[in-house]
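If you read the protein sequences in the order shown, they are chains A and B. This note's numbering puts the first residue of the first sequence at 1, with every later residue one more than the last. This note's numbering puts the first residue of the second sequence at 287, with every later residue one more than the last.
In case anyone wonders, no lab produced these hints; they're calculated from the structure. Here the structure is a predicted model, which means the values were calculated and not measured. No residue lacks a Cβ here, since even glycine has one placed at the ideal position from N, Cα and C. Just to be clear, a hint being listed does not mean it is correct.
As the list claims (entries may be wrong) - Quick list of in silico lysine to aspartate or glutamate cross-link-like pairs, EDC-like style, CA-CA up to 20 Å:
| no. | chain 1 | residue 1 | chain 2 | residue 2 |
| --- | --- | --- | --- | --- |
| 1 | B | K555 | A | D282 |
| 2 | A | K253 | B | E529 |
| 3 | B | K332 | B | E398 |
| 4 | A | K2 | A | D282 |
| 5 | A | K111 | B | E379 |
| 6 | A | K253 | B | E379 |
| 7 | B | K481 | A | D221 |
| 8 | B | K555 | A | E200 |
| 9 | B | K555 | A | E231 |
| 10 | A | K142 | B | E529 |
| 11 | B | K555 | A | D257 |
| 12 | A | K244 | A | D282 |
Claimed, not checked - Each pair of labels, with its calculated beta carbon distance range:
| no. | chain 1 | residue 1 | chain 2 | residue 2 | range |
| --- | --- | --- | --- | --- | --- |
| 13 | B | V354 | A | R50 | 35 to 41 Å |
| 14 | A | C71 | B | G375 | 39 to 45 Å |
| 15 | B | N459 | A | N237 | 48 to 54 Å |
| 16 | B | N459 | A | R268 | 45 to 51 Å |
| 17 | B | G375 | A | E112 | 19 to 25 Å |
| 18 | B | S350 | A | R207 | 24 to 30 Å |
| 19 | A | R207 | B | N459 | 35 to 41 Å |
| 20 | B | S575 | A | K271 | 47 to 53 Å |
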Amino acid sequence: MKELVVLSGKGGTGKTSLVASFAVLARSKVLCDCDVDAANLHLVLRPTVRERQEFWCGRVAVIDGEKCTQCGLCQQLCRFGAIRDFRVDSRACEGCGFCFHTCPAEAITMKENLAGHWFVSETRYGMLVHARLGVAQQNSGKLVALIRQRAKQIAEENDLLYIISDGPPGIGCPVISSLSGTSLALLVTEPTLSGIHDLERVAGVCRHFGVPAMVCINKYDINEENTRKIEDYCLSNGFVIGGKIPYDGAFSKAIMDGVPVIENSDGRIGKSLEVLWHKVSDSLKD
Amino acid sequence: MLQRKLPEVWYQNGTSVIITVASGKGGTGKTLVATSLALSLTERTKVQLLDCDVEEPNAHLLLSPVIVGSEAVSIPVPEVDRGKCNYCGKCAEVCAYNAIAVVPGYVLTFPELCHGCGACSYLCPEEAITEVGREVGVVEWGDADGIKFVQGRLNVGEPLAPPVIRQVKQLANREGVVIVDASPGTSCPVVEAVKGCDFCLLVTEPTPFGLNDLALSVEMVRELGLPCGVVVNRAGIGNGEIEDYCKQNNIPVLLTIPLDIEIARLYSKGVPLVAGLPEWSGHFLKLFSQIGGIVRERAGGIKR
Chain A
1 MKELVVLSGK GGTGKTSLVA SFAVLARSKV LCDCDVDAAN LHLVLRPTVR ERQEFWCGRV
61 AVIDGEKCTQ CGLCQQLCRF GAIRDFRVDS RACEGCGFCF HTCPAEAITM KENLAGHWFV
121 SETRYGMLVH ARLGVAQQNS GKLVALIRQR AKQIAEENDL LYIISDGPPG IGCPVISSLS
181 GTSLALLVTE PTLSGIHDLE RVAGVCRHFG VPAMVCINKY DINEENTRKI EDYCLSNGFV
241 IGGKIPYDGA FSKAIMDGVP VIENSDGRIG KSLEVLWHKV SDSLKD
Chain B
287 MLQRKLPEVW YQNGTSVIIT VASGKGGTGK TLVATSLALS LTERTKVQLL DCDVEEPNAH
347 LLLSPVIVGS EAVSIPVPEV DRGKCNYCGK CAEVCAYNAI AVVPGYVLTF PELCHGCGAC
407 SYLCPEEAIT EVGREVGVVE WGDADGIKFV QGRLNVGEPL APPVIRQVKQ LANREGVVIV
467 DASPGTSCPV VEAVKGCDFC LLVTEPTPFG LNDLALSVEM VRELGLPCGV VVNRAGIGNG
527 EIEDYCKQNN IPVLLTIPLD IEIARLYSKG VPLVAGLPEW SGHFLKLFSQ IGGIVRERAG
587 GIKR
């Protein structure tokens with residue numbers, strides 16, 4: 001069983017559209033939406049939820065006003081600025097428990113935190129594991145690790161060939177959690193200066209964690225000079241270019257219609273997506 | 287030229303107003319909006335731009351600032367003095383992040399898991415733990431066409447963006463307009479960038495993805511108790527769902543930018559919208575005036 005994660009550094013380069021198309025093209029797979037912060041894959045795969053679970057993670061300090069002597073020690077020790085006027089700002093609290101361990105009046109308790117929900121769903125294209133982190137929550141990395149583990153379990157139980165994950169933008173905690181230990185990262189970029197800059201950063205993260213990476217240039221024809229720069233960068237850094245996809249209104253239209261773009265486009269886009277999946281799946285065989 | 291008339295200064299001299307540009311979905315045009323808004327205001331007032339998307343900072347690509355200074359961002363992590371340690375295990379017991387493990391005769395620290403809370407060093411009965419800085423990123427500052435520019439960069443391979451964002455925000459001006467460019471999403475790095483601002487400008491696109499993620503952003507902004515308004519970018523691809531949502535939820539749509547290949551090409555080359563198409567400057571000044579109206583009204587309401 002092989003695990004593919006689609007990342008980009010920069011948001012809005014087309015990760016979800018590609019993953020939705022791979023969902024159509026790949027035969028034996030489970031899908032996983034690792035963008036737990038702003039998940040979108042369900043909007044095109046239209047899943048039926050089969051299993052819904054709570055995600056309890058981290059703790060938050062609570063001060064008992066009756067016991068509190070207002071000595072101010074907690075306020076002074078908290079490095080996250082989470083205590084003001086003898087009250088805890090739960091959004092700023094990182095759950096370290098420093099205040100809980102030191103309060104002379106034992107007025108502080110640590111409360112378990114419901115940080116989100118996760119789901120196992122059925123789609124026309126196979127099973128999907130996805131999640132919704134609570135708004136303004138921390139611990140996105142742990143939720144990603146949890147749903148990846150569930151996806152892996154589903155793949156093993158059903159003897160599936162692939163886990164295909166839609167990753168979050170950026171290079172921080174949830175990206176690292178989506179990437180570590182996968183078989184291949186497909187990095188989707190676009191020929192803008194931001195696209196190039198962000199590709200180099202996320203490629204650096206892949207190198208750091210020892211995950212092989214392949215690049216896809218989306219909307220390659222909006223700036224062909226920048227596309228050549230990306231090709232040069234890939235050549236000199238040893239990244240294979242899995243595909244170049246032209247700018248096409250079919251992508252937005254498919255999102256509007258709530259279907260994978262490959263089911264909703266003319267031959268040109270369909271062909272380029274098939275070529276891309278072919279290269280990706282070939283590379284996963286190695 | 288009438289539309290380029292500059293807005294009155296609606297905040298008091300000697301104070302600042304902080305506007306954060308955010309969006310749930312990535313790639314909707316946060317940086318495009320933040321940079322053009324900043325550039326439009328330079329003739330009128332002091333403007334500072336803080337790039338708080340420390341995972342993928344992009345504003346510098348459009349503004350080409352001359353960087354004049356920088357400082358490292360570090361998290362204090364524990365260092366155990368083996369001579370003093372008696373392996374009692376207190377540090378491992380209090381660490382909420384499993385960043386210290388103690389076995390008889392040995393202490394192991396995992397600096398990449400440490401949040402730098404300081405509990406272990408404070409609570410160690412033997413005073414065997416000191417804190418040393420572990421570098422996780424950098425903050426840089428400089429000037430760009432009349433804009434005071436500050437950006438944070440998280441080191442590649444590091445998971446925790448909030449400490450870098452906090453350090454960028456410490457450099458916020460106390461006077462004039464401060465524009466904060468946030469990272470996409472609604473979780474802790476975004477909250478860190480948004481909190482403490484006077485107004486949150488949410489950039490979206492008229493697709494189901496844009497609408498889904500806008501609703502998440504609005505939930506976050508409401509949770510923080512901040513006023514917000516919407517910029518619809520790439521208008522023309524979808525239907526009127528975003529406008530309907532905004533109307534139902536009493537959120538003003540303050541600016542609409544059409545889907546236009548020329549705008550996309552300028553962005554791809556790193557040219558700010560108002561530099562490539564100067565007629566947009568008036569729209570951004572009007573946007574600023576409208577934000578002013580909302581912030582002022584709210585401040586008045588609170589006073590009363």
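Taking the hints in turn, this is what the structure says about them:
no., hint, result
1, K555(B) / D282(A), "34 Å, violated"
2, K253(A) / E529(B), "19 Å, holds"
3, K332(B) / E398(B), "39 Å, violated"
4, K2(A) / D282(A), "11 Å, holds"
5, K111(A) / E379(B), "17 Å, holds"
6, K253(A) / E379(B), "54 Å, violated"
7, K481(B) / D221(A), "39 Å, violated"
8, K555(B) / E200(A), "17 Å, holds"
9, K555(B) / E231(A), "17 Å, holds"
10, K142(A) / E529(B), "35 Å, violated"
11, K555(B) / D257(A), "31 Å, violated"
12, K244(A) / D282(A), "17 Å, holds"
13, V354(B) / R50(A): 35 to 41 Å, "57 Å, violated"
14, C71(A) / G375(B): 39 to 45 Å, "28 Å, violated"
15, N459(B) / N237(A): 48 to 54 Å, "39 Å, violated"
16, N459(B) / R268(A): 45 to 51 Å, "50 Å, holds"
17, G375(B) / E112(A): 19 to 25 Å, "24 Å, holds"
18, S350(B) / R207(A): 24 to 30 Å, "27 Å, holds"
19, R207(A) / N459(B): 35 to 41 Å, "37 Å, holds"
20, S575(B) / K271(A): 47 to 53 Å, "49 Å, holds"
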